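Protein sequence lines correspond, in order, to chains A and B. Anchor point for the first sequence: position 247 equals 247 in my numbering, and the numbering is continuous, going up by one each time. Quick note: to get my numbering, add 1000 to the position in the second sequence (first position is 1).
Worth double-checking, as some hints may not be accurate.
[To be verified] List of simulated lysine to any residue pairs, SDA-like, C-alpha gap at most 20 Å:
hint: 1; chain 1: A; residue 1: Lys205; chain 2: B; residue 2: Ser1020
hint: 2; chain 1: A; residue 1: Lys322; chain 2: A; residue 2: Arg145
hint: 3; chain 1: B; residue 1: Lys1205; chain 2: A; residue 2: Ser20
hint: 4; chain 1: A; residue 1: Lys383; chain 2: A; residue 2: Glu138
hint: 5; chain 1: B; residue 1: Lys1258; chain 2: A; residue 2: Lys205
hint: 6; chain 1: B; residue 1: Lys1087; chain 2: B; residue 2: Asp1325
hint: 7; chain 1: B; residue 1: Lys1258; chain 2: B; residue 2: Gln1223
FYI, nobody ran anything at the bench for these hints, they're computed from the structure. Keep in mind the model is a prediction, meaning the values are calculated, not measured.
There are 2 protein chains.
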Amino acid sequence: MNTELMILLDLAIVIVLAKSLEELIVRLGQPPILGDLLAGIIIGPTVLGLIKATHNVEVIGWLGIVVLIFLAGLETDIEAAKKYGLKAVLVALGGVLVTFFLAYIIALLFNYSYITALFIATILSPTSVSVTSMTLLELGVIRTRIGEIILGAAFADDVMAMALFAITSSIAYYGEVKHESIIQISLALIIIFSIFYLLYKFSNKLFNGVIMSSRLIDTPMIQLLIIGMLMAVLSSYLGLSPLIGAYLAGLALSKVVKERTYRFLEIFAQIISPFFFVYAGILLNPWIVVGRINMYNAIGIVVAIVLAGIVGKILGCGGVAKAMDLDTRSSITIGVGMMPRAGVDLVIAVVGLTLGVLTMELYLSALILIYVTSLTTPILLKKLLTR
Amino acid sequence: MNTELMILLDLAIVIVLAKSLEELIVRLGQPPILGDLLAGIIIGPTVLGLIKATHNVEVIGWLGIVVLIFLAGLETDIEAAKKYGLKAVLVALGGVLVTFFLAYIIALLFNYSYITALFIATILSPTSVSVTSMTLLELGVIRTRIGEIILGAAFADDVMAMALFAITSSIAYYGEVKHESIIQISLALIIIFSIFYLLYKFSNKLFNGVIMSSRLIDTPMIQLLIIGMLMAVLSSYLGLSPLIGAYLAGLALSKVVKERTYRFLEIFAQIISPFFFVYAGILLNPWIVVGRINMYNAIGIVVAIVLAGIVGKILGCGGVAKAMDLDTRSSITIGVGMMPRAGVDLVIAVVGLTLGVLTMELYLSALILIYVTSLTTPILLKKLLTR
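In isolation and in its complexed conformation, chain A is listed as follows (with noise of 0.2 Å):
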């Protein structure tokens, strides 16, 4: 078999498969992402093992998942984030310290080490609220207090994550918290951080003054692609992930390029991204824990983390409303809201899985967090919002 047809056939399976099972999903009333993720594990090693060359869906999902976390960032509207206000701020907050903190101790109680219990407790604190909002949209309920609330909660809550994402990458990165890498990390940061500035500084000169004076007719979708990317091999050269390079890529650009500019970008991620989730799922086999951990264990830690990532949202968002001025109802409402993964938390997974700081059993807890999660979410929203 010759390489083109090798790499077209790896292709086409994951496309086609990828895409019907979306189309399953979605008459499910399920996000897009879970079928590309159910694609994923029925091609690898957990069910068929089709895939001969993992390289060449690799290739093209790190493309995609680069593209779609720089229109992520490029997505942020600062203005309504802060029309959501201070409230939804200190929701998300809740929710993503809780839910760390009781990861972390769980995984530091199953004997990891603090290294992998910082990305585990990373994973689960990103909310993905898509599979919520589709509920509230349903209920007629999406312009109510609750809905407000939980939509400037998940803005607010991936800016988090991509924080802590950017301190717990650079950390496994270095193997170990000394005082050499400490310097390294912090040096890494600033360096980003400064070029994330000045992007942001002169974003309306680049974008007004060089990008749209190019004569190419790709003008400016490509250049801009350019930008995450460069940003993207930049920030994983320093030892961060690529992700958090494209991420503030995006956010540097945000006040200046409007939504019908980057409009053909989201088209573009729109086909290869899928690439990347399938990916994730070719990525799971949980054959190699059998025989390795005890199976009692291995249970034992599947379902403590995906309670401690139920159970951290609820508490720590729900508790938060609560404390407010929020009802009880109310307050489980938005808890049970902010429950949903699918997001962030897989990309931040997969490279965790890569960097080899993530063992195979909490790999597999985040992917049953995220089924788990978002079967249950619509089904307890419509108990708790309807009577």
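Based on the hints, put chain B in the right spot on chain A.
Same frame as chain A, now just chain B:
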């Protein structure tokens, strides 16, 4: 260096250099593809040898070219072709036949095997009129009789080139023309054309019945992409190039899929297809020619092939035009207008090189022909059309 950094670094190098050179080349009035190709020549072993794993570029490149060729099929407007009429078809046929036989005979005279000779002859056959149409547009003569004949001929030319390519690539795949290989090739062609016919016959039902009933937000772009990829994989599996399948898939659907429908796929192709042309440039390695064959001999081959590519079109297209009722100056103008390459020819050349039937000095000749014709055509056309 970890995997994702290596992948993103390679892709970033490619995209930054390709788009910078495109910017330069476009300002010089040349088609952007020459910038991509030049970027590959500079990055590759010819000059710098910068890319660590060509494979990363190759993966995106193959996906890109499949999408681009699929779109070429999809954009085929059979009604418009009818308008230009028989005259344009005959001009195209003249150019293809004369160039093909000239190149075939020259290659045999230089002691190449008949399979290699067939391949270089196929590479030299197609025309890519983007630089011609830019010049005609600039001179305001694109709506004249000469302009219409050239545009119509370029369309007919593409179809003929793909048909030739289907046959020569399958001969090259099986290595020789023997009894069994003829049966295998015929069988492959029968299968792929039967599926093409079914796809064409049921294109309306498929598109409006199946594809448009999808609930995915990227409908119908992603479903079109899937059809193109599946046909590409099938034809590659049958020993034809994947590009034959992609082209036929597009052609079969061209009747039902309207332009605004595949607009998004064009954007996608615009971002990723440069990777293929950069890859084509990386594949060039003139240093391996040195020492393997006599230098004077190599120069002789390159000059002869480049001349065959130029003379074949001027004699073939110009001759047919003259044999109809056009004056000598107009006939020469049409011949010159049909000279430029840098489209399907480059794709066929890459396939030939990776199949191992094309030698490096012949690949070099094909690339030189691209630059020579692209640089001289606008100058010659301006001289011929103004006085």
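Here is what the structure says about each hint:
1. Lys205/A x Ser1020/B: holds, 19 Å
2. Lys322/A x Arg145/A: holds, 14 Å
3. Lys1205/B x Ser20/A: holds, 19 Å
4. Lys383/A x Glu138/A: Distance ~13 Å between Lys383/A and Glu138/A Cα, so the pair holds.
5. Lys1258/B x Lys205/A: violated, 39 Å
6. Lys1087/B x Asp1325/B: This hinted pair holds, its Cα atoms lying about 10 Å apart.
7. Lys1258/B x Gln1223/B: With a Cα-Cα distance of about 14 Å, the restraint between Lys1258/B and Gln1223/B holds, given a limit of 20 Å.
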